[in-house]
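J.: Read off the chains here:
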Amino acid sequence: MLKYIFKRILMLIPVLIGVSIIVFLIMRVFSPDPAPIVLGQHATQTAVEVWRQANGLNDPIFLQYYHFITGALTGDLGTSFYTKMPVLKEIFSRFPATIELAVVAIMLASIFGILIGVVSAVKKNSIFDNAGMLLALVGVSMPIFWLGILLIIFFSGTLHWLPSSGRINPMLQPGSVTGFYLIDSLIAGNMDAFGDALRHLVLPASALAMYSMAIIARMTRSSMLETLQQDYIRTARAKGVSEGRVIRKHALRNGLIPIVTVIGLQLGSLLGGAVLTETVFSWPGIGSYTVACILKSDFPVVQGVVLLIAFVFVLVNLLVDVIYAFLDPRIKYSKKEG
Amino acid sequence: MVKDVSSNSDENLIQAAEYVEKPESQLKEMWETLKQNKAAVVGLFIIALLALIALAVWGSELLGKQILPYDPNYSDMTKSFIWPNAEHWFGTDQLGRDMLSRILDGTKISLFVGVAAVAISLSIGVMLGAIAGYRGGKTDAFIMRVMDVMLSIPSILLAIAFMAALGKGLDKAVIAIGLVSIPEYARIVRGSILSVKENDYVQAAKVIGNKDSRIIFKHILPNIISLIVVRATLGISTAVLDTAALGFLGLGVQPPYAEWGDMLGRARGFIFTAPYTLIFPGIAITIIVLAFNLLGDGLRDALDPKSRIK
Amino acid sequence: MLLEVKNLRTEFKLKRGTVRAVDDISFTIDKGEILAIVGESGSGKSVTSLSIMGLLQKPGRIAGGEISFKSQDLNKMSQKELQKIRGNQISMIFQEPMTSLNPVWRIKDQIMENIMTHMKISKKEALARTIEMLDTVGIPSPAERANDYPHQMSGGMRQRVMTAMALSCEPELLIADEPTTALDVTIQAQILELLYQMREKFHMAVLLITHDLGVVSEAADRVIVMYCGKIVEEADVKSLFSQPLHPYTVGLLQSIPQIDDESDQRLYMIKGMVPNPLNMPPGCYFSDRCDSCMERCTQEMPELQEINGHKVRCFLYDKAKEGELSAK
Amino acid sequence: MKKIRRIVALALAVALVGVTLTACSPKKEESSTSAAPKASDTLIYAQGAEPRGLDPALVDDGESAKVMINIYDGLLKYNKDSTKVEPSLAKSWEVSADGLTYTFHLQEGVKFHDGTDFDAEAVKFNIDRQLPPQVTADMAYASFVYGSVKDVQVVDKKTVKVNLTAPSTPFLSNLAMVMSAPIVSPKALKDNKNNVNQVPVGTGPYKFVKWAKDENIVLVRNDEYWGTKAIAKNVIFKFIKDNSARVVALNNGEADMIDGIDATVVKQITDAGNKIFQAPGMNINYMAYNTSRKPFNDAKLRTAISQAINVPELVKSLYQGYSETATSILPTFMEGYDKSVTQVSYNAEAAAAAIKASGLTSVHMITYTNPRPYNSANGQALAEAIQGYLSKVGVTVKIDAFDWTTYKQKLKAGDYDIAFYGWIGDNGDPDNFMYLLAHEDPSMNIALYKNAEFNKLIAKGVETPAGPARNAIYTQLEKIAAADAAWLPISHAQTLCAYKPNIHNFYFHMTGITPLAGVSKQ
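Chains as they are written, first to last, in this note's numbering: chain A, 1 to 338; chain B, 1001 to 1310; chain C, 2001 to 2328; chain D, 3001 to 3522.
Quick caveat, the hints were computed from the structure, so don't treat them as lab data.
Computed from a predicted structure; not experimentally measured.
Hints may contain errors.
Said to hold, decoys possible - With a Cα cut of at most 27 Å, we get these calculated DSSO-like pairs of lysine-lysine:
hint, chain 1, residue 1, chain 2, residue 2
1, A, K84, D, K3193
2, C, K2124, A, K249
3, C, K2084, A, K249
4, D, K3479, D, K3300
5, D, K3460, D, K3150
6, A, K7, B, K1138
7, D, K3316, D, K3267
8, C, K2058, C, K2006
9, C, K2031, C, K2201
10, A, K123, C, K2080
11, D, K3412, B, K1172
12, D, K3460, D, K3161
13, D, K3161, D, K3190
14, A, K84, D, K3410
15, B, K1138, B, K1218
16, C, K2084, A, K123
17, C, K2015, B, K1028
18, D, K3450, D, K3398
19, A, K84, D, K3124
20, B, K1028, B, K1197
All chains, please: the whole structure from these sequences, using the hints.
T.: Below you can see the structure in the form of C-alpha cells.
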C-alpha cells in the first residue's frame, strides 16, 4: 500500500509536466499579448517591445519553457506581469478561500446527497423518492451561476438574510494563521467572526454544492438500491437485526464505497465550479482570479495556478483511492498497473 | 446479456419470465425499454420540440422569412427594458430586442453547440480510446497519460483558456468544449474495449486473421455503442451547460447571436431592474439540459439489465 | 409440532400480472426433524422459506394462510416481533456463501452481531462464543480466522461460517436454503455432515430446501416435492425413494446419474420446460411435460390425496385406482 | 496488522493533502493588529475590482488610485471641484520665464508613515526612479508624467528644482496626479526592491494596515498627519466585482459607500434610503472610423454614418441618463471646451441617401466585451445598438467582439472599418484628450487619423502657457475633429456612487479619486 502511494506520487511528475506544457502552449503561443494590459492606456509600440524583451516574451518558446520549468523546480513560479508580485504569493493568498468554499460545499453535498439518496432508495417510489430525484435532476440541469444569482436575488436582495459577497465582514476578520477563516476565527476564539464567516459561506457553498449534491444523491440511491438487493442484506435481516441497523451498518457501509469515488471526482469538478461561483459571489478565491488572469494574459499566474490545481486534483484522486481501499477490504493495490 | 446461471432463486426466474422475447440488437433493445420509461419519453419529446423550433428558425432564416414574433437581433433603443406584456411575452432587453424571439432563436445555438461539441469529443475520444485499448502497451500508456493530464485541469478552466486564446465565436466555442471532454470518451471506450477484447468472439476474429481496424469497427465498437450513446446524450447536456458558462463569462458566441448564457451574463447587471431578462434564459437552459439528462438516464436504464427490472 | 404452515399463498404482483409463487401449501415440522423441500427452480421452495422468515421483498407478499411457530402465527407478527425470532429461534442458511456474508465486515463481527442482537452479553463473551461456534463448525484455528474478511475464505469455509452464525443462538428451527448448491461435491458432503451433526448437538429441526435429490436422500427424514408453487408429493424419505408416486418425482429420480449403472442408456430428462408462471397450463401444471398425461389432467387440477401416509397430487392415483397401486 | 498498515496509509495520504494545503496558506504575516476596528468609526468603501498595486509608479488603474490618494500626497493636488492645481507637499512654486525650470518650496516637518523625513532628497529619489536610466518599461505613467523632465536638483532640504527639456504646460497638472506623482518613502522603496505595491508608505492622511487579496485593504488614520487630520479612524476598501452584489452590499449595510454602479440600479438604491452621488466624468466614450482605408477614408461617408445614429437617444437608453451625450471630445468642464462645437446631427433620411449613393452596404465593426469606466454598458451592447441604427439606413454590420486584451491586439492589427474605444483623462489638461488624434501609435489613435495641420496645433498647444490663447487652440482642434468626423463622440460617463445616509461629505473627484479624509460617519 505504502509502495503504491509512493508510486502514485511519482506518477504525479509526468502529469504535472504534461499540464505545464499544455498551459504553456495555450498561453504563450496562442493567447493575446499581455503588454497592452500591463502597460496601460499610454503604452506605445516601443514601450511594448521593450517590455516584452525585458520579460523574455521574445525568446523562443523552448527557452521560455526552460526558464519556467527550471524556476518551478526551485519553487519559483515567477512574478505576475500585472501586479509584479511573486506568483506563489498571489496564489496562496487566495487559495485558502477556494479550499474553504470547496470543502464546505463538498460537505454539504455529501451530507444532503447521501441523506436524500438513502431515504429515496429505502422508500423507493414514494413521494419522497420522487421529489428527491426530481430535485436531483433539476440540480444537475441548472447552470450553477444562474442558481447563484437567484440565491442572491432571493436571500440577499429581497429577504436581506445573508450576505451576497465576500468571505467575512472585514471588521471581524481574524488574524491569518491558516487562511481558513472558519479555523482562524476558532483559533482566535472569536465566535462572532466564525458565525459571520459561516453566514458568508451559506449561499456560495449551497450554489456550488447543488450539482454535486444531485450527483451524489442519484449515485447513492442507485448504489443503495443495488446493495439492498444483495444476499448479505438478506442475511443481516435473517439475523433479526433491526431494519435501521441493516440500512446503516450493512447497506450504507457497502453502498458508500462507490460513492466515495463519486465524491472524490466531485471535488475535482467543484474546483471547476468554483470558477463560476466565485465570480458570481465575489468570492476572493483562486477560481475567479484565474479567469481574470487568463483574460489579462498574465501568463506566469495562469501557469502557476493550473499547475497547482492539477497537483491538488491528482492528490485528491490518490486520497480517494486510499480511502476506497480503506472502506473495501477486498481492494489491494499491490499489483495494480495504472 | 446472459443471466447468471448460478443464481437459482425463484425471484430471478419470475423476473426473467418478463423478458422472454429477446430483441436482436442492443440498440433496438434499448429503444424497446426506453419506450417504457416515461421520463425518458418526456425528455425525448422536449428535445424533439426544441429541435423542431431550431430547424424552423434556421430554415426560415435561410429562406429569408420571419417566423419568430420579432427579428431577434432587431434593436430599437426606444423600447429598452419593456417588462413582459401582451406584445412582448418575455419583455425586451437593454437594446429593445424581443426576449421571446431571442430565446427561441437561441435554441438553435444551444442545440448546435451541444451536438457539434459532442460530435468532436466523441469522434476523437472514441478513436483515441479504441487505439489505446486495442493496441495496449506504450501507445496506450502515452494516450492515457495525455488524457490524465487533460483530466487534471478543470474542464471549464481549460475551455476558458482556449476561448481566450482563440477568441469569441460559435465555431471556437464548439472546438473548445469539444476538446475538453475528449478524455471522458477515451476512457470509457478504452475501458470497455479492454473488457471486450478478451471475449471469445474477438479472439476468434483475431485468429481468423481479421485486420485490427476491422475488428475494432465490426466486432468491438458495436458492443459498446450503447454505452457511448448514453455517454454522448449526457455529454450534450454538459456541453450546453459549458456553452452557457462561457457565454456568461462573456466568452461565448459573437454578437448579435442570441446565446442563452450570454443573455444571462448581460442580465446579471440588471437583476433588480429587469429580473425577467435573467429568469427566462435560465429556465431555457435548465429545460434543454434537463431533457437531455432525462433521455440519457432513460438510455442508461435501458442499457443496464439490472435496473430495467423494476 | 414446532412449525405448522397452513394454506400458505405467496404472490408477486408484477406489471404483467400476478404470479402465485406459493400456491396453497400446508406442511408441518416437528422438533428435531429434518424436512426437505425439493423442486426445480421456480417451484416456490425458496419463496416458502422466505415467507416463513418474513423476509419477502417487494413485490412479493403473503396473500393468505397461517405460519404458526410454536403456536404463534408469524404472519400476524410485526416486524419488530419477528426480528426477535429471526436469528434466534429460527435462523437461516442461504445458498450463496460467496455473497451472503457482508464483504466489508470481519466474520467475527458478523457472528457477534447475531449473538448480541439476541443475547444480553458483553462483547467479550460474544467474541468467545463466536470463536467457540467457529470451532464447533470445524473451522481450524478459529481465533485467527475470526479476524478474516469473507473474501479471504473458501466457499466451504464461508458456508461453515454461515452455519456458525445461524446456530450461534441455538435456534429451534434452521432453514437451510440450498446450503450446498454452490459448493464442490466433496465440500457438499462435509456441509451436509455438519448439518446432521449440528442437528444432533442442538436438537433443532431443519427445513432443508434443495433441488438435489441426492442431498435429500442423505440428510432428510421427510420430503416434500414442489412443482410450480404446489406440493405434488410428500412422504418419508424411504418411501419416496423406494416408491415415488408422482410422475414428476419419478422423472426427477430417473434423472439422477447412477454410478453403478452399466447400461449405455442416456440419462433421462423430463421433457419441456417449467411453464411461464404468468401463463400456466390449465389443469395440472405438470400436464404438458407429463409422460402419463390424460385428457382430464389438462382440464382440472388434481387434489393432494393421502395414500398410506404418502401424499400425492395426481389423477393417476384417484381413490378408485387405489387397488392398482401395489400392482404397479 | 493489515488494518494498521491501511490506517497508516490513509493517515499518510491525509497528511500529504493537509501539508500541501497548509503549505499553501499564508504564514502569519502581520502581527494581528491591536484592537479590531469598530463599525462606528470605520468607513467601508466597496469598489468593483482589486487595485493592481499601491506603488504609484507601477500601477495605472483607477481602483489603485482610489486607495493611493488616501495614503500618499503629491507635490500638488487638484482643487476639490475642478482640475486646477493647488499646493500640497509643495507650499509654493515658481516657473522660469523660458518654462524650463520649476522650483518647488516644500512643506516642513512632514514625516512618512515609517517615521522618516520628507524632504527634497525624497522628491528627487521619487522622480529619479522614473527617469532614465532607472525607469523600467512597466512604469506605466513615468513617461507621461516625467517625460519632459531633464533632471532634478536638490537646492536645500526644503527646495527642489526640476529642469525640463522643453516647455510643457501640462507638467504642473501631471504633478497633481495620483499615478507616478505621489511621493513614496525612499526607505520603503530601498527596503522593498523598488516595489511598494504591497507595502505602501506615504505621507498621506491614512496609513496602510493590511491587504487581504481579492477581499479588502484596511487603512488606519495617520494621527501625525501634517495637514488636516482625517475624521474616521479606519477605512476599509472592499472589492466586490459584481455590480448588483455591490448594490446589495450597500443596501444590506455591508458597505457605506459604493462606486461603479450603473443607472439601472439607482431606484433600487434610493428606495432603500441610500443616497446617490453623481459627478461629471473626465472621460470620453467614442466610435472611431478607420480613416486609413476604404471606405472610411472618405469624410463624407463618415459623416453620413454618423448622421444615421441618434446619439442622444442611444445614450439615454443605454446609460439611462447617467452619461452625458458628448458634443465634443473634451468633457464640458475642461479648459478649451466650447459650446459652439457640435457633431453632425441625426438625420436618417440624409444618411440613407448619402450611403445609398456611395454604394456602401456592409461594414466590419470590432468591439470589446467588457464594461469600461467610460462605457458601463460594454462595447458589445453599444455596437449592437449602432448595428440597429445602421440596419435602418441599409447597412449590414458584422460585429466581432473580443475580450479587452484580445481587442487591443485586434486594434493594432488594424483590420476593421469601425471600432470602439474610450479614454480616461489623466491630468485634466485638454492636450491629454486631443493628442490622441495626433498620436502615431495605432493603439492610441485607433481612427489612424493623420492631419498635419492638426498635429502642428497640438504641438503648439503643449508649449503655450495656460490661458485664453491656449484654450482657443484646443477649441480649434475640436472643430477640426468634428468636421472631419474621424470619431463619433458618444458620451461622457458620469461617476455614479452611492452611500448610506449617515455618511457625510462624501465626494468623488472627476479625476476618479476618492479622498476620504474629510468623510465622516454618524
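J.: All hints are to be evaluated individually against the structure, with a verdict given for each.
T.: Do the hints match the structure? See the list:
For the suggested pair K84/A and K3193/D, the alpha carbons sit about 11 Å apart, so the restraint of at most 27 Å is met. For the given pair, K2124/C sits about 20 Å from K249/A by alpha-carbon distance, which is consistent with the 27 Å threshold. Straight-line distance between C-alpha atoms of K2084/C and K249/A comes to about 18 Å, which keeps the hinted pair within the 27 Å bound. Restraint check: the Cα-Cα separation between K3479/D and K3300/D comes to about 16 Å, which is no more than 27 Å; the hinted pair holds.
Among the hinted pairs, K3460/D with K3150/D is consistent with the structure: their alpha-carbon atoms are about 20 Å apart, no more than 27 Å. Only pairs whose Cα atoms come within 27 Å are accepted, and K7/A paired with K1138/B is accepted, the gap being roughly 18 Å. Taking the CA atoms of K3316/D and K3267/D, the gap is about 16 Å. The hint holds against a cut of 27 Å. Of the pairs offered as hints, the one joining K2058/C and K2006/C holds, with about 22 Å between alpha carbons and a cut-off of 27 Å not exceeded.
With a C-alpha separation of about 13 Å, the suggested pair K2031/C and K2201/C falls inside the 27 Å cut-off, and the hint holds. A distance of roughly 18 Å separates the Cα atoms of K123/A and K2080/C; the hinted pair therefore holds under the 27 Å criterion. Using a Cα cut-off of 27 Å, the hinted pair K3412/D and K1172/B holds, with the two alpha carbons roughly 22 Å apart. Restraint check: the Cα-Cα separation between K3460/D and K3161/D comes to about 25 Å, which is no more than 27 Å; the hinted pair holds.
This hinted pair checks out: K3161/D and K3190/D have alpha carbons roughly 23 Å apart, not beyond 27 Å. With a C-alpha separation of about 26 Å, the suggested pair K84/A and K3410/D falls inside the 27 Å cut-off, and the hint holds. Straight-line distance between C-alpha atoms of K1138/B and K1218/B comes to about 24 Å, which keeps the hinted pair within the 27 Å bound. In summary, the hint linking K2084/C to K123/A is supported, as the alpha carbons are separated by about 24 Å, within the 27 Å threshold.
Distance check on the hinted pair: K2015/C and K1028/B sit about 22 Å apart at the alpha-carbon level, within 27 Å; holds. With a C-alpha separation of about 26 Å, the suggested pairing of K3450/D with K3398/D holds against the 27 Å cut-off. Pair hint K84/A plus K3124/D holds up; C-alpha atoms about 24 Å apart against a cutoff of 27 Å. The straight-line distance between the Cα atoms of K1028/B and K1197/B is roughly 23 Å, inside the 27 Å bound, and the hint therefore holds.
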